[in-house]
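Engineer: In case you want the letters, here they are:
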Amino acid sequence: MDDRSLVEAVTSGDRDAFEAIVEREATAVFRTCYRILGRVGDAEDAAQESFVIAYRSLGTFRGEGSLAGWLARIATRQALRRLGQRRATEPLDVPGTPASNLAGGPDPLGAAIAAERQRVIRSAVASLGEPYREVVALRFFAELSLNEIAESTGRPIGTVKTHLHRGLARLRERLGPDGLA
Amino acid sequence: MSRHPFDPAELGDGDDRVPAEELLAIARELEDLARAESPVPAAAFPARVSAAISAEATPTPPRTFLMAVGALRFGDAWRALGANARVVAGSGRVVPVGLRFQAAALLLALAVITVGGAGVVTVGSAALVQALRTPPQPAPTLTIAPSLPPASVAPSGPTRSPSASESPEASGSPEPSESAEPGETESNLETADPQDSERPEASADAHGGSDGSGDGGAGSGSSGGSGRTPRPSGTPGASDDGHGND
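Same order as they appear, the protein sequences are chains R and G.
Per this note's numbering, the very first residue in the first sequence carries number 1; after that it's consecutive.
Per this note's numbering, the very first residue in the second sequence carries number 1; after that it's consecutive.
The hints are simulated quantities; they were obtained by calculation from the structure and are not laboratory data.
Keep in mind that the hints are not guaranteed to be accurate.
[What the hints assert, rightly or not] Taking lysine to aspartate or glutamate and the EDC-like style, the derived pairs with C-alpha atoms no more than 20 Å apart in a straight line are:
hint: 1; chain 1: R; residue 1: K161; chain 2: R; residue 2: E173
hint: 2; chain 1: R; residue 1: K161; chain 2: G; residue 2: E31
hint: 3; chain 1: R; residue 1: K161; chain 2: G; residue 2: E22
hint: 4; chain 1: R; residue 1: K161; chain 2: R; residue 2: E130
hint: 5; chain 1: R; residue 1: K161; chain 2: R; residue 2: E151
hint: 6; chain 1: R; residue 1: K161; chain 2: G; residue 2: E29
hint: 7; chain 1: R; residue 1: K161; chain 2: G; residue 2: E37
hint: 8; chain 1: R; residue 1: K161; chain 2: G; residue 2: E10
hint: 9; chain 1: R; residue 1: K161; chain 2: G; residue 2: E56
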């Protein structure tokens with residue numbers, strides 16, 4: 001079943017069709033949220049919220065882009081919004097956090113540095129202004145192509161390229177030459 | 001590993017202060033981050049989403065439109081409108097009749113509101129244009145108005161009050177008394193049948209004896225001529241009484 005048929009089935013009252021969408025897109029949506037938030041629990045909450053929002057507004061899906069891109073955009077927004085609301089704390093013993101990955105690893109110091117690096121990059125992306133933040137997140141965290149980003153956002157592909165260029169440039173400025181902000 | 005590995009050609013025109021190599025380096029770093037963090041959701045995650053969805057109403061296009069309008073998301077409302085049009089047009093898969101009817105009713109209501117709103121705007125703008133054209137004329141008439149009332153009120157007052165008082169006099173309280181005058185019919189009473197001659201004689205008397213009978217009728221009724229009391233209903237009887245008095 002293609003995207004359009006699935007959406008029309010859901011809007012006609014077929015809930016099983018939406019379950020099929022969830023089964024198909026759950027991993028991609030969850031990963032997008034996790035890459036932005038860095039915690040499994042938060043990522044699951046954000047992914048679930050994204051699916052609920054998608055279900056409510058499925059009637060606005062025009063079918064011009066892919067359903068995966070449309071869902072990725074919703075998930076990116078939800079995760080970034082949740083990240084902005086999060087307190088500046090990092091639990092040490094919650095599974096799925098960078099700190100929990102250090103225990104038992106072959107190179108604890110390297111793992112700690114990598115985890116800190118990931119946290120800094122995530123924060124730098126989250127601190128970008130719109131539309132650069134959205135384009136960078138869709139391109140690297142949701143792993144959408146430029147065409148998919150252009151379709152899901154409704155912007156010309158040239159504009160998406162420019163936003164990506166400027167977003168990466170600003171990200172580089174924030175991270176500094178040696179990578180740490 | 002990445003679905004779409006980053007290509008330097010993806011960078012469009014942008015900030016030239018940062019060299020392309022550094023942009024490429026940061027892009028690679030973002031790709032590494034995504035590659036390192038690719039967990040899989042728990043097996044129960046789809047069931048969790050389904051449970052959350054079960055409480056939600058079916059997202060039909062009409063409902064989606066109303067929800068978007070209620071939330072002031074006009075872009076979503078516009079897209080939902082297109083979805084409603086597609087449902088009515090019947091493109092794609094078979095749409096339930098109820099849903100199609102809802103979408104058609106929504107589009108019809110919106111069309112009526114749009115046409116009605118356009119009519120109101122047209123009439124309102126026309127009235128506004130009319131109002132903008134007319135102000136120069138009312139202004140001088142308003143300045144003249146205060147000078148006129150003192151002069152015009154005085155003559156108009158008296159002229160109206162007599163006309164109003166005349167109308168009750170002319171309405172003819174005397175006329176019924178004239179027509180019912182039994183005194184004038186005395187000469188005719190001798191000929192007999194009052195019933196036959198009553199009407200024409202009364203009219204003749206009204207013409208001939210209006211000078212005395214009008215006032216006399218009223219006066220006689222009250223002063224002494226009790227036999228001549230005019231009663232419209234009993235004119236023959238009254239004429240008989242007149243004979244009796246004679």
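Engineer: The structure should be examined with respect to each hint, and the outcome stated for every one.
Structural biologist: Now the hints, each set against the structure:
1. R:K161 - R:E173: With Cα atoms ~18 Å apart, R:K161 and R:E173 stay inside 20 Å; holds.
2. R:K161 - G:E31: holds (17 Å)
3. R:K161 - G:E22: holds (16 Å)
4. R:K161 - R:E130: holds (14 Å)
5. R:K161 - R:E151: Holds, because 13 Å separates the two Cα atoms, which is no more than 20 Å.
6. R:K161 - G:E29: holds (18 Å)
7. R:K161 - G:E37: violated (25 Å)
8. R:K161 - G:E10: holds (6 Å)
9. R:K161 - G:E56: Distance of about 38 Å is beyond 20 Å: violated.
The structure fails to meet hints 7, 9 from the earlier list, while all remaining hints are met.
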